[in-house]
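Spelled out, the chains give:
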Amino acid sequence: MALSGIQIYKLLPQTNCKECGFPTCLAFAMKLAAKQVELSSCPYVSEASKAQLEESAAPPIRLITLKSNGYEVKVGNEVVLYRHEKTFYNKSGLFVKLHTSQIENALIEETRRINQYQVNYVGMDLEVDGIAVEDDTHDPAKMKAAVTAIRSVSKKPLILISSAVDVLEAGLSQLSGETPLVCCANSTNWEKFAELAGKYKAILAIESDKIDEFVELTEKIKSKGIEDLVLIPNGKNLGHNLILQTQIRRAAIKANLRALGYPTLAFCSSPVEAAQAITKYAGFVVLDEFAAELIYSLLVLRQNIYTDPQKPIQVQPGLYEINNPKENDPVLVTTNFSITYFSVANEVEGSGLPAWLLVADAEGMSVLTAWAAGKFDADRIAKAVKSTNVTDKLSKHLLILPGSVAVLSGEVEAELPDWEIRVGPREAVDIPKFYKLALQVN
Amino acid sequence: MPVEIPKDKWPGSVRTVTIGALPKDGGTRKCTVTVGGETTMPFLHYEGEIPNRPVVAIEIMDRQPDDWSPLLAEAWKDVMDDPAKWAVAAEQAGADLLVLELSLNNRNGEPTTPDEAVSAVKSVLAASGLPLIVFGPGQAEADNALLVPISEATKGERIVLGICEDKNYRTIVATAMANDHLVSARTAMDVNLAKQLNILISDMGLPLDRILMDPTTGALGYGIEYGFSVMERLRLAALQGDKMTQLPMIVTPGYEAWKIKESKVGEGVPETWGDWLNRAINWETLTAITLLESGADVLVLRHPESVKRVKRAIDELMSAKELV
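Each protein sequence line maps, in turn, to chains H and B. Position 132 of the first sequence, counted from 1, bears residue number 132 in our numbering, the numbering being contiguous throughout. Position 324 of the second sequence, counted from 1, bears residue number 324 in our numbering, the numbering being contiguous throughout.
FYI, nobody ran anything at the bench for these hints, they're computed from the structure. Among these hints, one or two may not hold up.
Unchecked claim - Only pairs whose alpha carbons sit at most 20 angstroms apart, straight line, appear in this in silico EDC-like list of lysine to aspartate or glutamate:
| no. | chain 1 | residue 1 | chain 2 | residue 2 |
| --- | --- | --- | --- | --- |
| 1 | H | Lys433 | B | Asp67 |
| 2 | H | Lys375 | H | Glu415 |
| 3 | H | Lys236 | B | Asp315 |
| 4 | H | Lys210 | B | Glu322 |
| 5 | H | Lys254 | B | Glu4 |
Unchecked claim - If you anchor each label on the Cβ, the simulated ranges turn out as follows:
| no. | chain 1 | residue 1 | chain 2 | residue 2 | range |
| --- | --- | --- | --- | --- | --- |
| 6 | H | Thr65 | B | Pro270 | 25 to 33 angstroms |
| 7 | H | Lys383 | B | Arg107 | 43 to 51 angstroms |
| 8 | H | Glu109 | B | Asp209 | 53 to 61 angstroms |
| 9 | H | Lys199 | B | Glu267 | 52 to 60 angstroms |
| 10 | B | Arg107 | H | Arg422 | 31 to 39 angstroms |
| 11 | B | Asp242 | H | Gly70 | 49 to 57 angstroms |
Owing to the predicted nature of the structure, the values given are computational and were not obtained by experimental measurement. Just so it is clear, CB atoms sit at the ideal spot from N, CA and C, and this is done for glycine as well.
Take the sequences, apply the hints, and build the full model.
The following block contains the structure:
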């Protein structure tokens, strides 16, 4: 947590020597608090104060980056408990777990499926972030073989899981130049694990179900020079995990407790656990198995929760087909605010009636807001019609305006003389009725 | 050295609302459902009280629905054309209470009459002893025409009548007041609108412990983040002491999740969407869990498997009290 000017002042020499360019130490402290000057401008600040000031400038939750050849997964750097307070920044890394006991062909096949998986959601292609390999054979050779097999088909970042240092080392030896994550360190093995993480520049994850133990372990491990840490709160059930995750996040953000200022990882054996992990603070989510329908729902949930509330998801402007429209079906026009788009698209889709949905670029605003701001007018609508070449695609030219901008119909008619302009309902929910009554489509 | 974990101390709490009335209190229910009373954010047992567990309601209709997913028809089979049988099946599937939704039109395509609606409600009350929520078809005139006679015919049952909206709440609130019922107040994903409607309703004289608020939501992928954050903000406001937000929240993840393509459609969708049935149940469950984590007290669901999963999650979230 950032220090106030007064708190910073107490750490300065308080000699008012003016060598920093400011008349007093207090003035300099105020500038520091506002992040308008660098501490290095003060030639007399003590080493102890310097360390304290630098630490206070660091983010409350450390940024951790898993790297492999061509991929990066960044987690941490979060600053709030509730997304409406600002936003959640770095999306939970989504990993799927494989096992060293799996035979090579199965491992390769499974890796390939995970690696290739890509699903489109509101114009974005979403993917799994990486793969976790769990040692269930206690055999270093098997870990080495598993990592080699996975690397033959996927370059995505890896998490290695074992209780044995030699098994982990066998895996790490195959990953030079990468920054994988290894787990799980605990109160008995932490020294050896810290050494290993140091040697291979890996990120180290610590497992516990006690907050006090996390604090003790992170401090000990940090004293060995290992700073890239991840916490794995393994509570006894869903509720216990929620509490541990919340306590860690809160201690880091509200109390600036450095010893808990690390991202967390959650091993999830059910969709419900994974959903909670995404909404409630997990930096990494490791799934027990790969199932397309589960991955899809979790990727979408993650996308939703990590959307910046100040800057809602926009839909790509353009022409969307709903229920296989033909060349004589109507064109419904709306804006590219995601909720607006989905309200309209849902109603049309749910009704089973075919339509062309023309999404105009209204800078992500809803119909009325965009109209009031001058971002959704006849000019923009005409531009959308022209840029999508929809006139050439259709034999019948019927454009339906949202009811709340009925006032635009005259201007749109002037802009698009080849089109018949009709005013639709104000609310998306009335679109099916409008179809039946006004357009006489059933 | 033990670590001091920062705790929030809240001045306010959520009101307690009881749905349904036992015979000794003028109703015919075999049990009642009490929700609310929280003095902390969802399931943070280490810093406050959560005296009542969130509950799961199963949504049934007064007749075979026209537009429900075939997966739901498969799950409920032939009970769907008889609200009484459906109510019994829902109770067996683990519902804590029931939501009966009235159709705009009856089986013959004619507008549902008040008599038909009353008899559907009565048959459900006779078949199951669970507390009941009744939602009108969602059009002001029809809602008023059907809910008033239902309210009068079931005086004293402490049914929740819905849906009160800013444009149509007076008639429903008046009949709830006259007949010892409750109401559900729905607004569109906005803290101030929710608050305003609660004020309007309580200004008519209905005590606040007879109001549930429905802040509405979108399904996963269809705006759930708005519902999620509005609910977190409403709950934070309630805990901070804002009286007009201190009502238990009811949400309809079943309705939202089952109207979208991911659940409704099995063919002609991308292969990466995976298995249809699992996807649909995931969609409903994940929508529900996300809202549960943001403060929902009553979750209205449709598929029996989702009910099972969400109830198990509530068990675990509540039992963590013993672990801290």
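A quick look at each hint next to the structure:
Using a Cα cut-off of 20 angstroms, the hinted pair Lys433 of chain H and Asp67 of chain B holds, with the two alpha carbons roughly 15 angstroms apart. Restraint check for Lys375 of chain H and Glu415 of chain H: satisfied, since their Cα atoms lie roughly 16 angstroms apart, inside the 20 angstroms limit. Pair hint Lys236 of chain H plus Asp315 of chain B holds up; C-alpha atoms about 13 angstroms apart against a cutoff of 20 angstroms. With a C-alpha separation of about 15 angstroms, the suggested pairing of Lys210 of chain H with Glu322 of chain B holds against the 20 angstroms cut-off.
Straight-line distance between C-alpha atoms of Lys254 of chain H and Glu4 of chain B comes to about 11 angstroms, which keeps the hinted pair within the 20 angstroms bound. Between Thr65 of chain H and Pro270 of chain B the CB atoms are about 31 angstroms apart, so this pair conforms to the stated range of 25 to 33 angstroms. Checking the proposed 43 to 51 angstroms range against Lys383 of chain H and Arg107 of chain B shows it holds: the Cβ atoms sit about 49 angstroms from each other. Look at Glu109 of chain H against Asp209 of chain B: about 58 angstroms separates their beta carbons, and that is inside 53 to 61 angstroms.
Taking 52 to 60 angstroms as the suggested C-beta distance range, the pair Lys199 of chain H and Glu267 of chain B conforms, at roughly 53 angstroms. Range check, Arg107 of chain B to Arg422 of chain H: Cβ separation about 34 angstroms, and the 31 to 39 angstroms hint holds. One distance hint, 49 to 57 angstroms for the beta-carbon pair Asp242 of chain B and Gly70 of chain H, holds here, with the actual separation near 50 angstroms.
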